[in-house]
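Chains as they are written, first to last, in our numbering: chain P, 1 to 275; chain U, 1 to 304.
Bear in mind the hints are in silico, worked out from the structure with no lab data behind them. None of the values given here were measured: they were computed from a predicted structure. Be careful, since some hints might not be right.
What the hints assert, rightly or not - Derived pair list, reagent style SDA-like, types lysine to any residue, alpha-carbon separation capped at 25 Å:
| # | chain 1 | residue 1 | chain 2 | residue 2 |
| --- | --- | --- | --- | --- |
| 1 | U | K197 | U | D252 |
| 2 | P | K10 | U | L114 |
| 3 | P | K10 | U | L87 |
Read off the chains here:
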Amino acid sequence: MYIVLWHEVKRGLLRRVRSPFEFITESLAVYIFLVVAVFAASGRVPVPSGMTASASGGFQGRAASEALFAFACAFCCLGAVQGASLLATEEPGSAILDQLAMSAFPLWVIALLRDIASIVSFIPSMALIVGAVSLTTGVACPWPTASALAPILMMRLGLLGIGYALGAIALLVKRVGGLVNLVSMAVFALAFVPARQWGGALGALGIVFPYRWWYGLAVDLTFGNKEATQLLAGGAAGPGMALASATTLLYLFAGLLAFGAAFRASLRRGSLSRA
Amino acid sequence: MCIAPGEVVGLLGPNGAGKSTVIAMMSGLVTPSSGRVLIEGYDTVRSRRQIAGRVGAVFDRARTLYPRMTARENIEYFTALMGRGSLRSVAGRAAHWIESLGICRWADTPVNSLSMGTRQKVSLAAALAAGPSVVLMDEPTLGLDVVSSLDLQQLIRRMARDRGCALVIATHQMDVAERVCDRVCIMSDGRALAIDKVTSLLAVFGRRSYRIALRAPVNDAVTTAIARAGARASAPSDRGAVGSFAVDIDLDDDAGLPRALEAIRTAGSEVESVIRREPCLANAFLEITGAGEGRRADVHCALA
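Isolated chain P, as found in the complex:
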């Protein structure tokens, strides 16, 4: 399996090298988005010269660095949401999906390997973009602490479950671009508001998405919220963490089941790589 993972990583990197224009424009779009988010968070309107964002205050009372961290997390999760559906609709009109389905690995394993490969290629490029944003705006984005990596991983696993569910729909009805965009926008909507202030519609969205609790924990751990650290150290976060873990695993397994069922249904219908 590691050979396939190696080839997936290589394929992802080669795609970027062979299509530099596509890579640069994508990175530029992320960079602009993050700069605007930082300025919005710091309550400043971006102007071309002589401007630096303040380190705290502004939009929803959130520190600009936290906003930057939140959107970096959102971009990190985006790959998980889109991966399986991109695989299911890969190269429309081609028979590549057929070829993948004939392989020794189930389609969901290939999607998982691609997700891991996308993280490998995501980390350096995102680090570069966040570095550039920090240089431009003067707002530093801290690296997540080692303890914050676990909640970020759980966040991604939960959203991977949603990604598999979207992949299942894509296997059956093919054209799911709009739905995937909608889910991606929801991830961004959640990242707009500090985890502590989620309420109303966003609160409901936060419950539906296996994202809210982990995201809040990652923020607290990274930004050194003493209360959260003490809660974790004292084991008081137990019930919340148990519920969040159960929700995340439920999403993941439900997504996997749906994806497997959709794959078998598409074999019965003979519609696997039909455009």
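With the hints as your guide, set chain U onto chain P.
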């Protein structure tokens, strides 16, 4: 239907006959509504993992390749996906097939810069590198020029002979099937109408055909006389080139020829030459699928 190692079987049929569906069922990409497909004893539906690597597939226009990856990268990637061997052996297998199929020159060129013929060879190399015992090909020569098509046909024969691969080819190019296949299955509306060796089908269905050139234009009296002599007359398909002085006749046996020539003379026309036309798979196909009768009726109308 059983296919032996080293055998090349062609699936022939009009559009919508079910050729590609059969190929997809054999690859495990479509679940059969009834019946089953076994590859080396493994059911394609129940034992998907076991058949991976035992079956290779090549689709029309090399649609199974990533266009921005090079030929070598594509072959290595799809070989790795079959779960066969280590990183080094995957690279070794890819290099071996790149050399065997004569595509060394293009090995490190992105697939989207290659000609269709070379892409099809890359596609074949990707299918063969995992060491399959069965290779399925859906319209492998579609869209290829004459030279590339003949080249690929030679490769197919070589694969069957040298490697002992069982090859199944879905095509509606009769000449390809006639040159490449040991056996053909003629299909229509999802049913197999005939499964036999090409030579056997030609012996049974390939009619004895002659082209008779006359010194005067073919008229109603001539065609009526030919019909009375027990032969079927039709205008040449290349009538524009040969003019109205020639007529094609189909006979059930060679003994019918003297009768037909005598009938033409009796009708007042003079024969200039007679050319025997070898039986071909296309005629057998038309006979078996029933499309032949309609075609002949059309030609008779044109002749009249």
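How the hints compare with the structure:
Under the criterion of a C-alpha separation no larger than 25 Å, the hint pairing U:K197 with U:D252 is consistent with the structure, at around 20 Å. Between P:K10 and U:L114, the direct Cα distance comes to roughly 21 Å. Compliance with the 25 Å bound is thereby established for this hinted pair. The hinted pair formed by P:K10 and U:L87 meets the criterion: a straight-line CA distance of about 13 Å does not exceed 25 Å.
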